[in-house]
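*Asks:* So the protein lines, in turn, are chains S and B. Each residue of the first sequence is one higher than the one before, starting from 149 at the first, in my numbering. Each residue of the second sequence is one higher than the one before, starting from 6 at the first, in my numbering.
Hints in this document: simulated from the structure, not taken from any laboratory. Among the clues, some could well be false.
Stated by the list, open to error - In silico DSS-like links for lysine-lysine, alpha-carbon gap of 27 Å or less:
id, chain 1, residue 1, chain 2, residue 2
1, B, K66, S, K219
2, S, K226, B, K66
3, S, K226, S, K159
4, B, K114, S, K192
5, S, K210, B, K73
6, B, K54, S, K226
7, B, K102, B, K54
8, B, K102, B, K66
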Amino acid sequence: EAGVAQSPRYKIIEKRQSVAFWCNPISGHATLYWYQQILGQGPKLLIQFQNNGVVDDSQLPKDRFSAERLKGVDSTLKIQPAKLEDSAVYLCASSLDRSVGGSLEETQYFGPGTRLLVL
Amino acid sequence: AQSVTQPDIHITVSEGASLELRCNYSYGATPYLFWYVQSPGQGLQLLLKYFSGDTLVQGIKGFEAEFKRSQSSFNLRKPSVHWSDAAEYFCAVGRNKLVFGAGTILRVKS
């Protein structure tokens, strides 16, 4: 089974430029998450989608960050304009969120991440 | 509010020695608990998880963790560490919205 795919793997931009990241979740997974991992910290949830609807975007800086999940599959996360403090790894994860063998399978599986450096 | 504390930023162990990584959590209900491992430049790989039932859970790569409700802890253990275990380990709590600790970097010396 293919895992969560992300691209690009690395991106370097100047501050005030825009950037977009792409995520393809595991096939059949209903829920998709974007996390931000700043160097030396654990990942922090930015936004959660259930199918193509937003469940939680309370920690998404909406003045500069936006995300969409078209047709409930792939997702893009955009930053416009980028700031120096946006330098981080952006991780995408997905979960099945369906009963399997009598129990609800909610485990999140992560992609390799996109490492962003803002200069 | 949910939170996770991993008290040790770095740990160094000798190859073949036992390992215990500490994790303490704060959660309002019965917690779902996870340990993930992250190698340099890689995403997070799930080692093990606790949802309910037996408080000692077995994971991949010979890891296990024990849920202790009275201590709000979910420590990760391995009886004999291999050089390939060197990585960063994250404890997380929650359902859907995971809250992660800051991580513990494990170094293995030969």
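*Asks:* Each hint needs a verdict: does it hold in this structure or not?
*Replies:* Outcome of the hint check:
Simply put, B:K66 and S:K219 have alpha-carbon atoms about 37 Å apart, too far for the 27 Å limit, and the pair is violated. Only pairs whose Cα atoms come within 27 Å are accepted, and S:K226 paired with B:K66 is rejected, the gap being roughly 36 Å. Distance restraint check for S:K226 and S:K159: the Cα-Cα separation of roughly 13 Å lies within the 27 Å cut-off, and the hinted pair is therefore satisfied. For a cut-off of 27 Å, the pair hint linking B:K114 to S:K192 is broken: about 31 Å separates their Cα positions.
This hinted pair does not check out: S:K210 and B:K73 have alpha carbons roughly 39 Å apart, beyond 27 Å. For the hint pairing B:K54 with S:K226, the CA-to-CA distance comes to about 31 Å; that exceeds 27 Å, so the pair is violated. Only pairs whose Cα atoms come within 27 Å are accepted, and B:K102 paired with B:K54 is accepted, the gap being roughly 15 Å. With a C-alpha separation of about 26 Å, the suggested pair B:K102 and B:K66 falls inside the 27 Å cut-off, and the hint holds.
Checked against the numbered hints listed earlier, the structure breaks hints 1, 2, 4, 5 and 6; every other hint is satisfied.
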